[in-house]
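Q: In case you want the letters, here they are:
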Amino acid sequence: MVKETVGQLLTEIIKTPSDYSRVSREIEKDDLLDKINICYLSSYTSEVLNPFIIVELAKKGYKGSLYYAPFNQFEQEIYNEDSGLYLSDPSVVLVHSRIEDTHPNLIRRFAKYSDSELTNLSDEIIQRHKLMLEDLRRKSDAKIIVINFGSSQMIEEYFDSSPVVQSQQIYFQKLNNSLLDLCNKIISCYVIDYQKFFTGLGLDNCSDSKLFYMARIPFNSNAQISFGKIISRTIAATLNPTAKCIVLDLDNTLWGGVIGEDGISGIKLSDEYPGNVFKDFQRAILGLRDQGVLLAIASKNNLDDVLEVFEKHTDCLLKEGDFSSIQIHWEDKALSIKKISEQLNIGLDSIVFFDDNPVERDWVRKQLPNVKVIEVPKNEIDYLKALNESMYFDKLTITSEDKTRATIYQQEQQRKNDLNNSVSVDDFLKELKITVKIGVSNEVTLTRIEQLINKTNQFNLTTKRYTSAEIIKLIHDGGKVYWLSASDRYGDNGIVGVMILVKIEPQVWLIDTMLLSCRVIGRKIETVFLAEIMEILRSEGADFIYGSYLPTKKNVIVSDLYSKHSFELSDKENNMWKFNLNKNHIVKLNYIKVSINND
Amino acid sequence: MINELKLKEVISNILGVSINEINDDSSPDNIEQWDSFSHLNLVMAIEAEFDVKLTPEDAMDMLSVKLIRIILEDVQKK
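Protein sequence lines, in the order shown, are assigned to chains Y and H.
The opening position of the first sequence corresponds to residue 3 in the working numbering, with each subsequent residue numbered one higher.
The opening position of the second sequence corresponds to residue 2 in the working numbering, with each subsequent residue numbered one higher.
These are calculated hints, taken from the structure and not from any lab test.
Just so you know, even glycine gets a beta-carbon here, dropped at the ideal spot from N, CA and C.
Heads up, a few of these hints could be off.
What the simulated footprint calls covered on chain Y by chain H, stretch by stretch (three residues with Cβ under 8 Å from a Cβ of chain H suffice, anywhere in the stretch; the number is not a length) [said to hold, decoys possible]:
(1) 212 to 223
(2) 380 to 391
No farther apart than 27 Å at their CA atoms in a straight line, the calculated lysine-lysine pairs in the BS3-like style are these [stated by the list, open to error]:
(3) H:LYS7 <-> Y:LYS17
(4) Y:LYS439 <-> Y:LYS387
(5) Y:LYS231 <-> H:LYS7
(6) H:LYS7 <-> H:LYS78
(7) Y:LYS198 <-> Y:LYS387
(8) H:LYS79 <-> H:LYS67
(9) Y:LYS231 <-> H:LYS67
(10) Y:LYS432 <-> Y:LYS590
(11) Y:LYS595 <-> Y:LYS566
(12) Y:LYS187 <-> Y:LYS198
(13) Y:LYS65 <-> Y:LYS31
(14) Y:LYS198 <-> H:LYS7
(15) Y:LYS141 <-> Y:LYS187
(16) Y:LYS61 <-> H:LYS7
(17) Y:LYS555 <-> Y:LYS566
(18) Y:LYS17 <-> H:LYS9
(19) Y:LYS17 <-> H:LYS54
(20) H:LYS7 <-> Y:LYS31
(21) Y:LYS439 <-> Y:LYS482
(22) Y:LYS302 <-> Y:LYS368
(23) Y:LYS270 <-> Y:LYS314
(24) Y:LYS368 <-> Y:LYS62
(25) Y:LYS555 <-> H:LYS9
(26) Y:LYS482 <-> Y:LYS457
(27) Y:LYS439 <-> Y:LYS580
(28) H:LYS78 <-> Y:LYS17
(29) H:LYS9 <-> Y:LYS31
(30) Y:LYS566 <-> Y:LYS590
(31) H:LYS67 <-> Y:LYS457
(32) Y:LYS62 <-> Y:LYS17
All chains should be built: construct the whole structure from the sequences, respecting the hints.
A: Structural data, given as structure tokens:
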């Protein structure tokens, strides 16, 4: 019943974001589709893709459950075994670090770099991906899908023939080649071509600056739909076992006309229209064979007529020897396919059937429901498209997996020799060279503090909202309001943290508010923030600090903040935690530099 | 004129609330699902559904069903 509802919904026209949103909600109620967990790591607000991915995956028989890591948390998610990534137990992990987000100057100010700087940068980018992807491969069995480098901004308003734009494009092509090389060496790691995606859509159809500047969404709803389709197709391709064999009809499939009627000189197969359509289709079939797909024939014909074509027709690219199994007789095609499956010792579910005759297709579908039957279009011009869009041969073939296996074995050896290869979160954060500054609120910082208090939802222990007037009153009544700013090797993040303390008894303080902007989540800045404030209070003679965690739908990320920082639970009902400044050990970090603002 | 039913349908689809619960005064203040993230989804859906292009200011000002309608009518006039 449920399946029918969702199935029916999916056959409706789903075109607009509103349609997608409605249908994706229905899919979430369904429990008959195959459930798959997916983790999406990205440098932007990827969550916006959710309804599109959900619906497109459902069309392929999957019910996706997606975990979107907070943006720009690649290393934190991959290197930390307790991260949301591993908790979500994904079958597929998507990795999309956009160059516009990580290196905006490579897009906007390409000409400022020297050749050697450019080489260093691309080495750094590839090395970063190498460490991440290899570590992810070690820790998870999930299929990895990497989205390569490209940018709508590169096809934007810039003048295409400018030498700068051209060398920039070459640079990104090289970068993408290196990324592809890297991914090919990692088992079950695939690449989506992002630049091709944008070029294919055209600029007008993919960009909306408003969304990017307001919310870090790099494409408009139209492009989101297309991207959702590509992502879902790729996910399905990594999960579906690739078909091993294609069973082909002959008349009006591999050539135009009927050999038994038209004779060898009458069939359409040549370099002129319409013979060239069939010839090109044959070439594509040979292309499948090159990738290791087995070819077979199920045709109702006289064997001798057919063999004559294979032998003597100069435009017939396919030869008898290209087929692993040939069933040419007047018997039922379902029987032919069964014989092929037995001869080649492969399951019926790894066989694809391609036949222009709808009656034969129907028959095979009914007799052998496991065989994948392609709905062949009426006009031969569309055959190839139907074959490609069926996606049955989308995956990397077994042969190429075999090819890479040797390389992977070598890699393993090298890894054992080089134990330093694995990167810890701490090492990564050390490399970031984070410095923070802490200060007391004043007129200049008040606006930013108010803003953070009113919009921070995730890293916010109590989610209390205050106006600036209320903050001023709080200070007036003896409270303390601290801000924290942070910078790292990539630049200055400005004020990203707020802590408000109120005195509840002499020498006893309560953390009324503690929050960090999502820009800096995952960098352990909270540890130094707490440590520094506690030191200040201790130096002023304080004995105890209390803090509570008020859970909301969005702030799970801080649920264990106090326990992680040696606070003791003092009131379970109210989730109140206590820290004894004279007894408890203050958790500290040595690699984040802290300074106090004395202005 | 803005197609009232269509607007309510879009809001209902994006926010996942029943169409009966939506009236002129519906806003982020009285619909829990209407947070800043779904607001942007709503803006995108409205653009697609009504074939308009909204400025960031339009998007930020659309903070109730009534305001959405007023802004949409305004944009369509232009």
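Q: Can you confirm whether the C-alpha distance between LYS198 of chain Y and LYS7 of chain H stays at or below 27 Å?
A: Judged against 27 Å, a Cα distance of about 35 Å means the pair is violated.
Q: For LYS61 of chain Y and LYS7 of chain H, compute the direct alpha-carbon distance and say whether it is at most 27 Å.
A: The given pair, whose Cα atoms are some 26 Å apart, holds under the 27 Å limit.
Q: For the pair supplied as a hint, LYS439 of chain Y and LYS482 of chain Y, is the alpha-carbon distance within the 27 Å limit?
A: With a Cα-Cα distance of about 16 Å, the restraint between LYS439 of chain Y and LYS482 of chain Y holds, given a limit of 27 Å.
Q: What's the verdict on LYS566 of chain Y and LYS590 of chain Y, does the C-alpha distance respect the 27 Å limit or exceed it?
A: holds (11 Å)
Q: Straight-line Cα separation of LYS7 of chain H and LYS17 of chain Y no greater than 27 Å?
A: holds (15 Å)
Q: Does LYS302 of chain Y pair with LYS368 of chain Y here, judged by a C-alpha cut-off of 27 Å?
A: holds (19 Å)
Q: Would you check the hint for LYS439 of chain Y and LYS387 of chain Y, treating anything up to 27 Å between C-alpha atoms as holding?
A: Violated - the C-alpha atoms of LYS387 of chain Y and LYS439 of chain Y are around 59 Å apart, more than 27 Å.
Q: With a cut-off of 27 Å on the C-alpha distance, tell me whether LYS7 of chain H and LYS31 of chain Y pass.
A: Measuring from Cα to Cα gives roughly 24 Å; hence the hint holds.
Q: Given the hint that LYS368 of chain Y pairs with LYS62 of chain Y, test it: the Cα-Cα distance must not exceed 27 Å.
A: Status holds; Cα separation ~20 Å.
Q: Hey, LYS67 of chain H versus LYS457 of chain Y, does the alpha-carbon distance stay inside 27 Å?
A: holds (24 Å)
Q: How about the region 212 to 223 of chain Y: do at least three of its residues have a C-beta closer than 8 Å to a C-beta of chain H?
A: holds (count 8)
Q: Would the pair LYS62 of chain Y and LYS17 of chain Y pass a check requiring their Cα atoms to be no farther apart than 27 Å?
A: Holds - the C-alpha atoms of LYS17 of chain Y and LYS62 of chain Y are around 17 Å apart, at most 27 Å.
Of the hints listed earlier, those the structure fails to meet are numbers 2, 4, 9 and 14, in rising order.
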